[in-house]
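J.: Each chain, written out:
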Amino acid sequence: MWKSLHIDPKKCTGCLQCEMACSVEHTGVINPSKSRIKVFSFETEGRKVPYTCTQCTDAWCLNACPVDAIRIDAATGAKQVFDDVCVGCKVCTIACPFGTVNYNQDTGKVQKCDLCGGDPACATACPTGAITYVDADWTGIDRMRAWAAKANTAVAE
Amino acid sequence: MGWNRKVLRVNLTEGTCKAEPLNMQWADEYLGSRGLATKYLVSEIDPMVDPLAPENKMIMSTGPLTGTMASTGGRYTVVTKGPLTGAIACSNSGGFFGAEMKFAGWDMIIFEGRSPKPVYLYVENDKAELKDAADLWGKSCWETEESIKHRLQDPLVRVSSIGAAGENQVLFACIVNDLHRAAGRSGVGAVMGSKNLKAVALRGTKGVSGIKDMKAFMKITTEKKKVLADNAVTGEGLPKYGTQVLMNVINEMGALPTRNHKDVQFESAGKISAEAMHEKRPTDGKPQLVTNAACFGCTIACGRIAEIDKSHFTVVNNPKYWGASGGLEYEAAWALGAANGVGDLEALQYANLLCNEQGMDPISFGATIGAVMELYEMGVLTKEQLGIDAPFGSAEALARLTEMTALGEGFGKEIGQGSKRLCAKYGHPGLSMTVKGQEFPAYDARGIQGMGLAYATSNRGACHLRGYTVASEVLGIPVKTDPLVTEGKPELVKAFQDATAVFDAAGICVFTSFAWTLADVQPQIEAACEGDWSMEKLNAMGERIWNMERLFNNAAGLTNKDDDLPPRLKTEPAKVGPAKGLVSGVEKMLPEYYALRGWTPEGKPTAETLERLGL
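Which chain is which? The protein sequence lines are A and B, in order.
Per the UniProt record's numbering, residue 1 is the first one in the first sequence, and the count goes up by one each step.
Per the UniProt record's numbering, residue 1 is the first one in the second sequence, and the count goes up by one each step.
Extracted from the complex, chain A is given alone in its bound form:
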């Protein structure tokens, strides 16, 4: 069973622990500038939104890569960049409609979320449950439950 990163921006406080954890997991350094997940702050609306790759089934980045450096991890469904194959041409960064695959000047390769091999560090680090790692077929289950709870109340009345 594959799982998906599920993001609930309402719960995000903008603390950036996800960015730190991501960078530590992938580079061994606490360095949000090298994180594959990014929290955006919309100041005048008071909104914070974590954003990262949603692992498209028919992935633009994977299809665009001229050297087949992006492949599917069968265990997790993650579209994974193989650094030893990637030539840093950045075509995938142009192809991705969401901007979630990006070039890394330090390595000369592109980087994107790889779900940390099935135990995403961002979800583990998130203190508020804004980022969770849930059944890929049921990412809407919490929202469904919330609506279901309301429906139930209405019937009871």
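Among the hints, erroneous ones may be present.
Chain B regions said to be covered by chain A (calculated; three or more residues, Cβ under 8 angstroms) [to be verified]: (1) 197 to 208; (2) 211 to 219; (3) 281 to 294.
Rather than coming from a laboratory, the hints here were simulated on the basis of the structure.
All C-beta atoms in this analysis are idealised placements derived from N, C-alpha and C, irrespective of residue type, glycine included.
Given chain A, put chain B in place with the hints provided.
T.: For chain B alone, kept in the frame of chain A given last:
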């Protein structure tokens, strides 16, 4: 190693930026941030220097836990000689600026001299340069941040800046970073303004790479975050209500200083409380509070993001204030509200927005307005002078005087000198609710006796963040003590002061201490930093930092006579509430405090004390 081992020295007179190695001997003795920056300052400046002269220096410093996975590890400190107090000024801020300094590869930035023209410092990793800020001068902190991001074409740059208040050298001007976090107290913004330094813009992509044992560090910081999450104050109260959770609590205790400390309870406290910020307004059906927000790496997220009522008279014609922005914290809500008798939550938020926008400490500003209103009611200050009728409770006066002070208009220039100078000038020095020239925060020394001593002895003037005995006297952390008695308080104050100095020096937020003791911080420092970091060493360090600050103040001309409260708190008893009939027992507590500190009856550290602490 939690440090980058690198200091940036910026000489504003000459326009130079130089890298130098961090003094690791000092890092071992003073850790970082407040401790280490103060060590640098006291070693480099003449304590008698005029705080606004080029000879004063200003240091922005991180700690070894700044920019790390340690919860709340985003703090940075500004240390300088303060213009409001003439004492050490040491103001600490959250947001994201501090962490960025670490990511750019620096531990601290030392500013010297005075630039001949307005400049801002731009640091991109190893590269540091002073850039022309002529067109930024006169702009608010908000405009400055936006403008710098735009001209650098870099939305990810982090900015600290001064607004009109700092430029005009309002003596309680602050330095604002990330739009609504601030190194707030003691007028550090005025020092920055005196140096013609408009802003500091940072961009770091190097990260913190030197953690001694990353695996152990991740494990211990994760464990300690759980302690914060499971605690009723840091896990529930602060995220939901912010520090404003205290408004009703402190009011019920009869310890909410009201109308320039004439009263100890405010009849409209409920209207300016956390609960009120959650209530839907009749005008637009929305509560003032939009959400909570965290500073860098923080598990608590006490920050308030609020939206002012668009139909309120203060902003109805001014859409720039309509969006969500930094909301009222307890100290600001008290100073802008109860201290002036103003119970209009929207007016307080307007004043709060202006303080953020133009870089002004809402505590000192609000408390000074309290004195202005009392002088007005006595007939000492008039409508002609002020430009507006200013009785206690006037939201209109609060709003107008905030604009005037922030922008240096009319009588606002005099308000910008703080209540000590203002009250002295108009012949009523006793009405200035200050210690060492700095205004009190939101706890009455008659109803919370320990705080009276904490205020009197705070090295940066009246302040709640140097020894927050409220934790014990009100919240029972770590143990409940009776707020109405003086017994045991000298010991309590000293313990809080010393421990807080270590929290500050580490680069974390003092709010963690609602759930953490020093024993929770110690293993995080140990996993991050090379060397021995025993509890004994940290305890001694806290005391060392405290005494170092005290020595500076003594050398700057302050004496035991400055460890005193205004006569009102010592002679006018609380009129109502649990503290009814009480005055502050500060004079009873001081001798015992000095003795516990190993100081002479004149408040000077003895030779034995200095030797014991390695000073």
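J.: The structure should be examined with respect to each hint, and the outcome stated for every one.
T.: Checked hints:
Against chain A, the segment 197 to 208 of chain B contributes 5 residues with a C-beta closer than 8 angstroms to a partner C-beta. That satisfies the three-residue criterion, and the hint holds. For the segment 211 to 219 of chain B, the stated coverage by chain A is satisfied: 3 residues place a CB nearer than 8 angstroms to a CB of that chain, which reaches the threshold of 3. Counting residues of the segment 281 to 294 of chain B whose C-beta sits closer than 8 angstroms to any C-beta of chain A gives 5, which meets the bar of three, so the coverage hint holds.
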